[in-house]
Amino acid sequence: MYTLKFDEDLCKTCTTCDCLVMCQYMDLDIDKAKEEIMKISEGEDSFVLQDCVTCYGCEEYCKRGNHPFYLITERREEKDILTSPRAITKQWINIGEPQGKYKVGEIKEKMLSFGFMPEFLRWVKGRLFEDIMPSFIFGQEFFCNVVYIHFANTSIIKERLPMVMDNFRKLGVKEVVCMHDECYGSFASLAPAYGIEVPFKPIHYFEYLYNRLKELGDEVRPLNIKVAYQRPCSSRLSPDKHHFVGDIMKLIGVDLVERRYSNKNSLCCGEVLRMASGYELANDVQKRNMDDMVDSGAEYCVFNCPACYAALAQKVAKKGIKPIHIIGLCRMAIGEK
Amino acid sequence: MSNVILSLAEIVGENYVSSGEEELYFYARDPGLMPAHKPDWVVVPKTAEEVQKIVRLAKKEKIPLVPMGAGMALTGLIIPLKGGIVVDMKRMNKILEVNEKARYVIVEGGTSHGSLKAYLEKNYPRLRHSIPDSPATATIAANMMIHGQGRLTQQYGFNSDMVTGLEVVLPSGEICKIGSCSISPEWFSKGAPLPDLSGLFLGWFGATGIITKVALRLYPRKKMRDVEIFVTDKEDLVPDIIYELTHTEMAEDIVIFSQPLPLIFKDNHHITIFITGDTDEELEFKRKMLWDALDGFIKSKDGGFMWVQPAMKPILLEMPQRSVSRFADVKKGGGFEYSGPIILVERYPECTRKIVELSSKYDLGYSGMARIIGRGHCMMFGFAFTFNRADPDMMERVRKALHEVSNYALTAGGVFWKPTVDEQRMAIERMDPNTRNLLKMIKKNVDPNGIMNPGNWEVN
Ligand SMILES: Cc1cc2nc3c(=O)[nH]c(=O)nc-3n(C[C@H](O)[C@H](O)[C@H](O)COP(=O)(O)OP(=O)(O)OC[C@H]3O[C@@H](n4cnc5c(N)ncnc54)[C@H](O)[C@@H]3O)c2cc1C
Ligand code: SF4
Ligand code: SF4
Chain A
1 MYTLKFDEDL CKTCTTCDCL VMCQYMDLDI DKAKEEIMKI SEGEDSFVLQ
51 DCVTCYGCEE YCKRGNHPFY LITERREEKD ILTSPRAITK QWINIGEPQG
101 KYKVGEIKEK MLSFGFMPEF LRWVKGRLFE DIMPSFIFGQ EFFCNVVYIH
151 FANTSIIKER LPMVMDNFRK LGVKEVVCMH DECYGSFASL APAYGIEVPF
201 KPIHYFEYLY NRLKELGDEV RPLNIKVAYQ RPCSSRLSPD KHHFVGDIMK
251 LIGVDLVERR YSNKNSLCCG EVLRMASGYE LANDVQKRNM DDMVDSGAEY
301 CVFNCPACYA ALAQKVAKKG IKPIHIIGLC RMAIGEK
Chain B
1001 MSNVILSLAE IVGENYVSSG EEELYFYARD PGLMPAHKPD WVVVPKTAEE
1051 VQKIVRLAKK EKIPLVPMGA GMALTGLIIP LKGGIVVDMK RMNKILEVNE
1101 KARYVIVEGG TSHGSLKAYL EKNYPRLRHS IPDSPATATI AANMMIHGQG
1151 RLTQQYGFNS DMVTGLEVVL PSGEICKIGS CSISPEWFSK GAPLPDLSGL
1201 FLGWFGATGI ITKVALRLYP RKKMRDVEIF VTDKEDLVPD IIYELTHTEM
1251 AEDIVIFSQP LPLIFKDNHH ITIFITGDTD EELEFKRKML WDALDGFIKS
1301 KDGGFMWVQP AMKPILLEMP QRSVSRFADV KKGGGFEYSG PIILVERYPE
1351 CTRKIVELSS KYDLGYSGMA RIIGRGHCMM FGFAFTFNRA DPDMMERVRK
1401 ALHEVSNYAL TAGGVFWKPT VDEQRMAIER MDPNTRNLLK MIKKNVDPNG
1451 IMNPGNWEVN
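These protein sequences, in sequence, are chains A and B. According to our numbering, the stretch in the first sequence is residues 1 to 337, in order. According to our numbering, the stretch in the second sequence is residues 1001 to 1460, in order.
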């Protein structure tokens, strides 16, 4: 069975315990953080197992290469601690069930993975993707299943991910450009953490976009706009790729506004919180996040994750901020609509 | 008898009467499962006076008369079981009057729900009526006749409770007004404070007269609507959830569905709660009240509000909701029928287990859907099955499943909604004998020749 590589010894000698000290949804000092993470590691009960809202943040906060969030998830599952109501958990597990309704474009060695997000079927077009489209895969059969860590259900990931890998293997694909952080995080970090072999090289689509924009050189026109970035939870699974947001914005002449809830302090889009624990926390987080965007003078809110887009696009628009996905923003910069 | 067609042509004009094979074929059936039976003539009147003349002719010749709207009731209620004349009401489609301040409308007996909705949206944007989820062509008079339910039923009861007056052509050929309009020019009440005579017609499936005008209540139309869906995997909790929700008095409409496909719906019960408001604040307030009401279920992880993504909302908020009609064609071949007993909400768990049992016993695709009537006073639980008309075996299996539903509904304390003639018979048999006699007496006196939609509500 696939097991998580979590090194308890690293925690024993850890002097910062950033994983929990930096958590934005719980208030712990270093001593308490150390005590709780050790309890979790040793399989004891901890209030963290009840209160963690699955923002994935601690995966990034830990600087010592450990996987505190995956650990929390595993322990919750062992102890049958649900993060969301049972019915919601079931619903999400059902959604990801392979149904033979996948779509595969032209099979090549390098392909785009849309995961299971239909938005990309509409959004991915134009010159940015001309050298790779129509090579794409979409559907549950190629779905990374990482979302189930929100539901503390790693068994379903461990059950499905090897089959997903087999499906990729059958295509003979060598490089996969992941259009979603969860896919990338799954193939680059979670699968290895579980000891699952990934038969291709995962590439983050930020890196792909950045390189394409550079190739397009002079055709890229500075947009001269102020933009707030909605960083998704899933981006915490690949923090090493986060710098591309700033790099891309620089290339397309966009002012990425300084704001309180950016980078490590980014706030969740809120919808997972709403499903799991009700509207109060979700509304509070969304309000603080959007007020911060407004205060920072952003004209646009740029999204990375389609789910964040679905959660917040209409709401930011009501605040006078235009919602746009990062692909749309890059296409704007090369004069596409 | 050969003169009938000429007489009918004299009444309505020759373009609006037929005994042609094509028309007789179509008017012999509805989209449900009941066996077809041809009429002898089809007539499409334009005015109450024409209806009156048709009824007088039928009375004289002792010919059965079957009033028909859009034929969407599905339970064979417009199938001319004993032949005769089908009176298709669709040309009587005028919206006659809207009293904006008293919030009622008077329409002709063949006016469709769709046209009233469109008319109000255009001319009275602050008013609405309780629209059912049937195809937009379904007629208002027929919907009242079968005690339909619509978007406002959770707040105001059966659609027929919203009737404020009727004009009916009696089997004798007289035109009779029911309610305040029998005394006053205003159509604000179907009964009170007078003896309520509307019960002589509503629920009778045209067996006591043909409605040529119907007035019904309109209600405030708020600027915004939204929808939330609470899901639980425990059917036993649904009645308590409904009790809490209806206690808030915040919902516009509450419908529940459970079905195995698509997979997103598998194993759960979906309580769809519609809300309305004139401002974001009003909507938010109502939403909060509803969320708070169910907080205990969320905390115990027994249920939660699912994320209704923006792309799903227009589908859910549509009126009528086309997804219901789409389900009707899941098996292709356009067969759809549901038995929808009116039953206590506390029977929800039993009903839902029954539909799962029947779908597995008869190998059928199903959807269980319930609409809350009043503040949880009862519900319509629809045992819905789709079938392919080109597959007689599947049709037979649906028939058997629905037959079992009928038996089950009665034993579970339910009452059939828009019952087939067989179900009417079952209901009559089970009825208190004195009630049965009263029913018989009314029918005999109002329609002594038994010409009105014969076969329906007949006590033998
Ligand atoms: C997909 C689908 C969804 C549905 N959803 C709903 C729903 O949400 N709520 C609901 O209430 N129903 C629903 N229905 C059932 C039905 O379609 C409606 O109740 C509809 O309003 C019936 O109207 P109709 O004109 O089709 O009636 P018809 O079938 O034409 O007639 C019904 C009965 O009324 C009699 N009648 C018709 N006109 C007159 C008249 N002028 N005077 C006297 N008697 C008359 C007929 O003889 C018959 O007995 C649904 C049906 C379908 C197919
Ligand atoms: S998980 Fe990382 S940050 Fe947390 S205590 Fe262990 S080593 Fe330190
Ligand atoms: S996932 Fe987020 S909420 Fe949970 S412990 Fe880590 S940082 Fe805190």
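Be aware that a few hints might be false.
Here are a few chain B residues that face chain A, going by a calculated C-beta distance under 7 Å [claimed, not checked]:
1. Asn1093
2. Glu1235
3. Leu1237
4. Gln1259
5. Leu1263
6. Thr1272
7. Phe1285
8. Met1289
9. Ile1298
10. Lys1301
11. Gly1303
12. Trp1307
13. Pro1310
14. Lys1313
15. Glu1396
Everything labelled a hint here was simulated from the structure, so no lab data went into it. Computed from a prediction, not measured in an experiment: that's the story for all the values here. A virtual CB, placed ideally from N, CA and C, is assigned to each residue, including glycine.
Here's how the hints hold up against the structure:
| no. | hint | verdict |
| --- | --- | --- |
| 1 | Asn1093 | violated (38 Å) |
| 2 | Glu1235 | violated (11 Å) |
| 3 | Leu1237 | violated (10 Å) |
| 4 | Gln1259 | violated (12 Å) |
| 5 | Leu1263 | holds (4 Å) |
| 6 | Thr1272 | violated (14 Å) |
| 7 | Phe1285 | violated (12 Å) |
| 8 | Met1289 | violated (11 Å) |
| 9 | Ile1298 | holds (5 Å) |
| 10 | Lys1301 | holds (5 Å) |
| 11 | Gly1303 | holds (5 Å) |
| 12 | Trp1307 | holds (5 Å) |
| 13 | Pro1310 | holds (6 Å) |
| 14 | Lys1313 | violated (10 Å) |
| 15 | Glu1396 | violated (30 Å) |
Consistency with the previously given hints fails for numbers 1, 2, 3, 4, 6, 7, 8, 14 and 15, ordered from lowest to highest.
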